[in-house]
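Given chain V, put chain H in place with the hints provided.
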Amino acid sequence: MAKGSVVAIDIDVSRRLGDRVIAAHFTTGPGLTALFGPSGAGKTSILNMVAGLLRPDRGHIRIGERTLFDGATNLPPEARRVGYVFQDGRLFPHRRVRANLLYGHDLAPPANRWMSLDEAARFLGIDHLLGRWPQSLSGGEAQRVAIGRALLAGPEILLMDEPLSSLDAARRGDIMAVIERIRDELKLPILYVSHDRAEVDRLATQIAEIGE
Amino acid sequence: MLSPEEWGIVALSLKVGGVAVLATLPVAFGLAWILARYRFPGRVVLDALVHLPLVLPPVVTGWLLLIAFGPLGPAGRWLESWFGMTLMFRWTGAALAAAIMALPLMVRAMRLSIEGIDRRLEGAARTLGAGRWHAFRTISLPLALPGVLAALVLGFARSIGEFGATITFVSNIPGETRTLPLAIYSALQVPGGEAMVTRLALLSVALSLGALVLSEWLVRRTHGERQRRGD
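Sequence lines, in order, name chains V and H. First residue of the first sequence: 0, per numbering that gives the first Met the number 0; consecutive thereafter. First residue of the second sequence: 0, per numbering that gives the first Met the number 0; consecutive thereafter.
Hints in this document: simulated from the structure, not taken from any laboratory. Hints are supplied without guarantee of correctness; some may be wrong.
[As the list claims (entries may be wrong)] Partial list, computed: chain V residues near chain H (C-beta under 10 Å):
#1 A71
#2 P75
#3 H93
#4 R94
#5 L106
#6 A149
#7 A152
#8 I174
[What the hints assert, rightly or not] Have a look at the derived ranges for each label pair, beta carbon to beta carbon:
#9 H:A22 / V:Q134: 33 to 43 Å
#10 V:G124 / H:D46: 42 to 52 Å
#11 H:F135 / V:Q134: 15 to 25 Å
#12 H:L53 / V:H24: 47 to 57 Å
#13 H:W216 / V:A169: 33 to 43 Å
#14 H:R136 / V:A110: 19 to 29 Å
#15 V:Q134 / H:H133: 18 to 28 Å
#16 H:V26 / V:S115: 56 to 66 Å
[Stated by the list, open to error] Here chain V is said to cover these stretches of chain H; the calculated rule only asks that three of the stretch's residues, wherever they fall, bring their Cβ under 8 Å from a Cβ of chain V:
#17 119 to 129
#18 136 to 142
Virtual Cβ for every residue (Gly too), placed ideally from N, Cα, C.
Bound-form chain V, shown alone (with noise of 0.2 Å):
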């Protein structure tokens, strides 16, 4: 089930949004990358524009030989290949656990696939959870349920927006060493925004500067 290929990302985008304007470039590759830079920088706004849900004005984002954006392609979001697990989970509220997994799963074309709905709740140990209602999970269950639906849609790039912001400091840790599994076992380039120093200390390989 890992991941495995070399992935160089390449990611030049800006985009105005009100009076302020939001520009990124940085080249990267496999493991995870924290995108670093002042609060009110536009990380979360980047992770948009890889994910395609927000068009940059110019620039482009290359993922391995794959071009998502340029002056003449823009793919949707559907088509994009990138994981995205929100800092809110932002899972179905009326599907349960196991339909909200296999949502992305059963979209994708079997050949992008590269983990099963068992090995996904194996790996993140939410076996038990499968029959449940997102709204009597834990934050932390959230969560692993947000990463597991990210992970079974197949993609070739995670993007995490400060997933551990709205845990408490024993989730914090738990959720970490999924993170780096995800990272070291699957293989899977991730780009992660945080604000909290120590988090981009234990988790990046490398980190992209954001902002001017």
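Same frame as chain V, but now just chain H:
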């Protein structure tokens, strides 16, 4: 308990109400979606137009329908020449009047529930491989369902209670346009009609009350269920 004539009135009312609400549902959902999701010039005007039947005297709505769908009206002539169809004095006209009167209530109910959907869930669905339409079908629509159900019930109750616009537009013809409220009105004019008035009025109360309770229950169920069932 009810005479065959009275059963006929009830059946006609249910038919008029049912057709009115089912035909209006897609239109009302579209309007609710547009009003909830988009900002565009003319939005305020559209919003006001949708709400107009709610505040206008129903007799005025009926008169406007008469002008539009009468034999000389633009819509009436168009229907006549293309489909050989006329709504005047027909139950279909009664359904149209009921539909127009139900529209604002239906749009309001659905708009509230569409506005309550966390749009970021749709973004999450897109990153998981869902196209726009698939995300709409599997995320937005199910989450809007309580509002759609409430709109159906409220619209239906409004439809079978419609009086002013109906009697103005399609008159009061037994077996064709004489729905429950019109039949009650007619029975009131007839000496000795009190017993019929009482029966039909009680029936109206039961139908309206039932609709209200049902809609309240549907909304509670779909909202409350998510809290409760997560144990």
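So, going through the hints one by one against the coordinates:
no., hint, result
1, A71, "violated (21 Å)"
2, P75, "holds (7 Å)"
3, H93, "holds (5 Å)"
4, R94, "holds (9 Å)"
5, L106, "holds (4 Å)"
6, A149, "holds (7 Å)"
7, A152, "holds (5 Å)"
8, I174, "violated (18 Å)"
9, H:A22 / V:Q134: 33 to 43 Å, "holds (36 Å)"
10, V:G124 / H:D46: 42 to 52 Å, "holds (50 Å)"
11, H:F135 / V:Q134: 15 to 25 Å, "holds (23 Å)"
12, H:L53 / V:H24: 47 to 57 Å, "holds (55 Å)"
13, H:W216 / V:A169: 33 to 43 Å, "holds (42 Å)"
14, H:R136 / V:A110: 19 to 29 Å, "holds (25 Å)"
15, V:Q134 / H:H133: 18 to 28 Å, "holds (24 Å)"
16, H:V26 / V:S115: 56 to 66 Å, "violated (44 Å)"
17, 119 to 129, "holds (count 10)"
18, 136 to 142, "holds (count 4)"
Hint compliance for this structure: hints 1, 8 and 16 are broken, all remaining hints hold.
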